[in-house]
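Produce the complete structure using the sequences and hints provided.
Position in the sequence shown (from 1) plus 1058 gives the number in my numbering.
All the pointers check out, no bait thrown in.
Straight-line alpha carbon distances no greater than 30 Å define the calculated DSSO-like cross-link-like pairs of lysine-lysine that follow:
no. : residue 1 : residue 2
1   : K1326     : K1174
2   : K1222     : K1326
3   : K1154     : K1174
4   : K1223     : K1174
5   : K1267     : K1222
6   : K1364     : K1174
7   : K1154     : K1086
8   : K1326     : K1364
9   : K1267     : K1223
10  : K1086     : K1364
11  : K1223     : K1326
12  : K1174     : K1222
13  : K1086     : K1326
Listed next, with one range per pair, are the computed distances between beta-carbon atoms:
no. : residue 1 : residue 2 : range
14  : P1341     : E1089     : 21 to 27 Å
15  : K1326     : A1163     : 31 to 37 Å
16  : H1112     : D1354     : 32 to 38 Å
17  : A1242     : T1327     : 25 to 31 Å
18  : E1115     : H1263     : 55 to 61 Å
19  : G1350     : S1104     : 22 to 28 Å
20  : L1328     : P1134     : 38 to 44 Å
No lab work stands behind these hints, which were simulated from the structure alone.
None of the values given here were measured: they were computed from a predicted structure.
Don't be surprised by glycine CBs; every beta carbon is placed ideally from N, CA and C.
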Amino acid sequence: MVLPIALTMGDPAGIGPELTRRVWNSLKASEQVFFWIGDPTLLGRSTPYREIRHPSEAAACFADSLPVLPLSCPEPVYPGRPSPGNAVTVIESIRKAVHYTLEGAASAVVTNPIAKHVLSASGFPHPGHTEFLAALCGATGQEVMMLACPELKVTLTSIHISLKKAIDTLSVDRIVAVSRVTEASLRRDFGLRQPRLAVAGLNPHAGEKGMMGDEEIRTIQPAVEALRREGMNVIGPMPPDTMFSAAARPRYDAAICLYHDQGLIPVKTLDMAGGVNITLGLPIIRTSPDHGTAFDIAVGPEETGKASISSLLSALAMAHDMALQRIMSDAQTS
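So this is what it looks like as structure tokens:
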């Protein structure tokens, strides 16, 4: 049986609280049980909720009430007007979600959107969710970001750094490490017995044999060859302008991309509403909707706004499916 999923609060002035109450209303009759770690005053009077002391209490009340592990925001919350003063509660929500998942009381962490600049203004030292989660799990440097939708999965060799730094720090070792983590996750979390990877090129036409850049020759091709020697099914470097086409995507199960936008642009173009952010390389499962806080359309606790719940629904469904697949995979290998 899949344990309840820990859903974090996200920025209280964003769309996270609205999405949470609407998603619970959509899923309350389903097997995808989750509990929310946040300030219950953000839910409004029209959403029935029950304060719980431990994730083990969530399943019993989920059909009738949204289970809430309560936290309090120290400052008033105004939709669309984020405050660094509430960052402490945003951060604590993430800490608690990871804690309960690491100890085996929750099956996965799903994170509502945060605003990196708001947390940074409070003194938060991490570039984003992914790096903070890795630190909480004792896995700093092992984290790999995957973006997924039904049509495409991509992982990234670099995340929240400048394009120049991403290119300067690209290495054979990094491509190999990310590919290993990706292949292992495709096996354990997605049930693929023989995963196929495609490594993107960096330059136009994948360098055109060195005419448009030599990173493919010096770095990317040697990484591909090293992975093949390990027995992995890997193709590349593939020209980035064609590898995400409908004709090319069936050739691989996941694309290894070499900088942030190279992977995120195709996923968000294919499925902006349903894309899911997944953090690989951690001892826990973590997913997130593939969108931000949307302060411009955030509404109060008694209102229903324009925000789509599709991506959060997809993130919860993927976390549930990954947890179930991991149970089956681990049983087969034990």
